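Spelled out, the chains give:
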Amino acid sequence: MTKQTLNLAWRLFKHEAKRGELTIILLAIILSVASVLSLSLFSERLQSALTDKSAEFIAADRVLKSRKPVDESWIEKAKEFNLNTANQVYTRSMAFSGDNMMLVDLRAAAEGYPLKGTVKVAEQPFAPGQATNSLPAPGNAWIESRLFQNLGLSLGQVIEVGDKAFTVSKVLSEVPDAGFSVFGGDPKVLISEQDLASTNIIGPGSRASFSYFFTGSDSDLDAYYDWLMPQLDKELQSWVSVSDDDSAIGRSIAKAEQYFLLASLLAIVLAAVSIAVAAQRYSQRHYDPVAIMKTLGASKKMVQQVYLLQITFITLLGIVIGTVLGFLIQQIVVWALAGSVDVSLDVWFWRPLIIAVFTGAICAMLFSLYPLLKLFSVSPLRVLRRDLGASLSSRFIQFLASGGAIFSLMWAYSGDLSLSAILFGSGILLVISLLLVTFGLIWVGRKLGQGKMGAWQLAWARIRRRAMDNAIQLISFAVTIMLLLIVLVMRNDMIAQWQNQLPQGTPNYFLVNITEQQLPELKAHFAEEKVDIEHFYPVVRGRFVAINDEKVSTAVSKEDEEPGEDRGREGLGREANLTWSDTLQPENEIVAGEWFESGEPLASGLYGVSVEARIADRLNIKLGDKLTFNVGSEIINTQVSSLREVNWQTMQPNFFFVIQPQAMTGYLPTYLSSFYLDKSRKSDITELMKPFASVTLFDVDARIEQLRGIVQQVSLAVEFILVLVLAAGALVLIAQVQASMDERQQELAILRTLGAKGRLIRASVLFEFVIIGLVAGLMAAFSNEVSLFFLQSQIFEMEAVLHWEYWFIAPVVGAIVVGALGIIGCWRLLRLNTSHLLRQMV
Amino acid sequence: MIKTSAITKTVTTSQGELAILKPISFEVKAGESIAIVGASGSGKSTLLSLLAGLDEVSSGDIYLDGQALHEMNEEQRAQLRGEKVGFIFQSFMLVQSLTAIENIMLPAEIAGLDNAKQLGQEILDKVGLGHRGDHYPNQLSGGEQQRVAIARAFITKPKILFADEPTGNLDAANSDKIEQLLFDLNRDSHTTLVLVTHDNELAKHCQRQLLMNAGELSEVTLSDDNASSGQKSVISQSQVG
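In order, the protein sequences belong to chains A and B. Going by our numbering, the first sequence opens with residue 1, and the numbers climb by one from there. Going by our numbering, the second sequence opens with residue 843, and the numbers climb by one from there.
Fair warning: there could be bad hints in the mix.
A few chain B residues facing chain A, derived, Cβ under 7 Å [said to hold, decoys possible]:
no., residue
1, Ser887
2, Val899
3, Leu961
What the simulated footprint calls covered on chain A by chain B, stretch by stretch (three residues with Cβ under 8 Å from a Cβ of chain B suffice, anywhere in the stretch; the number is not a length) [said to hold, decoys possible]:
no., stretch
4, 295–302
5, 483–492
6, 687–695
Rather than coming from a laboratory, the hints here were simulated on the basis of the structure. Bear in mind the structure is a predicted one, so any value in this text is a computation, not a measurement. The C-beta atom is built at its ideal place from N, Cα and C for all residues, glycine as well.
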């Protein structure tokens, strides 16, 4: 490359930038970099905050669970990897107080626990807990409210666990890693790890679980795991991270993350569309200079170098400004959210920056490719014959370059082939349908636009004459509107789903161990106290012992699981809550077989059992299998008659096994129920439960609040993302109208010269843009529906529904917005006087 | 300097082949100035585009300074234009985003000359716009823009200058000035001038005049008839080629 070429390119860039010739393409690149950077930076920071938040539910970033104590050197090694560590031992044991005893969930925590989240304690049973940084001193135990109730204890009294007596010094309200089971778990007792040995309950054959907690940077954690993995005994040990969290919160966060990813992908596509529009305009505006340069003897190579350099300068400038702007936008959003969503600004993520720069560069280069190739093909003869455009007409290169660019960016960014394919596929579908519609429209327009030349006829004439240009414009409008619709509708559907998960009045108390005799009394008492309580589920505790007479020793109760636990291994041989009913519970859905139709046994002579689908899958239980339960000394044989899907995300009692009632006659159940009590009546709870001292009460208000809080934060973040994408979309629309106005300048000048009134011109431009906006909106609504169907059913695991309202909203809003933008753009041109317009054309 | 032999230009239309130029043969000697006159649509500009290597002939041979233009591809023709040809257009064809001086420097830079700026300033002074070098084309009047275009055409001291209706967009006063400037510079630099115009007055300043009529070219003599009402050009025709 010669010095002259570089000089010329730089000079052209400098002057054109100063004269505002490059504004649109520069804005498009700035916009793409800024929106991608702000969106992905914000979402990474938010995700990190949410992951941090959810890390509280396992009390650490990672947990190593083991059935036996691990080698001390493993922990030492973790420290070498700059990780913080703590540990805790879980086991079950009987707690005694005088003559009373109860099976408890004993947790012996070492200094440092919990690494994430807080332990909350209270001075009175069922009182709201306060966070504490300390742990029980040796000799002391903190116990849950219902243990006070069940053992008839008060603070300062003594309980015995194994060989050791503990003074009950605090009410244990909350531990971070309690899991999301709402009933059925044993009351927790927290002691110091130093006291564990003296209880003598841990020994060979005892069923204790050892948890080792780790926090640190992701890279350190991963590096440590890489070191640790080969040494793990898969039978005994498992490595748990937050993403393994299958709880309602874990799922909500996973969905939100997917949404952010989707929004960022759409922002990339929006950016690409705006760059494509701007590059097209850029190319057209440079036909003359290229023809002049060629006429004056410039070689093709020189022309190429000059313009590639210019695009490079523009891209670099755009990327720099876009990065600064994107960072500022993101910062503003984080400031605006401060207090609602706890997003740390201290974290700097390189990935979003790389992605944003990469997006800007790839979009600018690949989307400029075809317009530039066209530009290079401009004949020098244009200096004599002004009507000559570019000779290159193969749109194949354009489709290949732009399609390839969008798809590879989407794929590279999401790492999710199906998500990228769905969005890309629906985009292609949209483009094809739009091309068909546009040409159909032009045909219709020929009929509609006949008659005396008024604004309406002028609008149609223009649409008809610029068929291909209009098709492209229409497509870019429709794609923009579609992308905005997807982001908007997904947000609405997702938030609605989250809110439905925990509607107002979600039960916040659970009652367990209601005896047959207490039942009528309790119902009457609650009615008297005006507390609604409806379903009472009969429950017996039983062991699941065999499948088809083959012995199993597997945990089968959801409530027995620890969060993030490697399912199907731990908690072997525990008891499950068996219930029976002749009606299917709400939120349960039969996915295979049939619900018990009659009181008759099945063909095999056995009574039926309905099994939750996921546990069936896990334990490899099939329809027709014979399942054996052991209740007390009795054996119950049943046959699997149906599989059920259960929505575990609702705070409702759910069961793995529901047995046909006839199989359970003669067994004396206790009952289980749940009810909602308004916060204002929280103090009534002691009074309400007073007559039923033996009934165990679970207060899950805190859990529900925690869940709601997170859903609210995530929803708020999603709304901000929506606003960001909408803003980006609006800017793209403006750029598109500006670009098309440019093309209309010549026509406006001629119309003005011929004496057309401003009103006529404005009205014709308004009609034209309203028609385009209307059609674009309609097509966007259609392709939005198609995309959403696939997105919701394949990616977000939601029920795909039609959104009829948008078939009306999208065209109307499209017509109004595009029409208004058209008029604004037109108004700008009409302000210039005719001679100025004409001079600009030369 | 220019030699054509039976050059034609045909284009394909929906109605079939259309001959824009019928076989044309003529010669222009070095340093000679010729005017191609004729009505709009007669094929003047097409002939100019072929002579200047902006377009390709359908058949026939063109030699420019002894080089076979008809055998060259676009790249080679561009190189030849850069080395030997200068242009002036009716619509000036200045790059709107470059200043006057930068527009003038453009051919020199394309040719790879190191002293483009110095040459540019010299010739800008010569056309009387030395003080307006930093102005953009749209800040200049039509006459000034054409002066910049003329300066641009002469900066590389081309052997041949093609001018397409150089005064076509100008008023009478400016036309005269441009005419003067063009012919003065042409004379000083011994450039071969091919001028396309429908203005007989302008054409008369050239040594020879060729008339283009419906794709055919003929040699004409333009003489002033001062007998009655002012000047009037009389065309006497003789077939060329």
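### Message
Let me make sure I understand: some of the numbered hints might not hold for this structure. Which ones are they, in numerical order?
### Response
Hint check: 2, 3, 5 and 6 fail, others pass.
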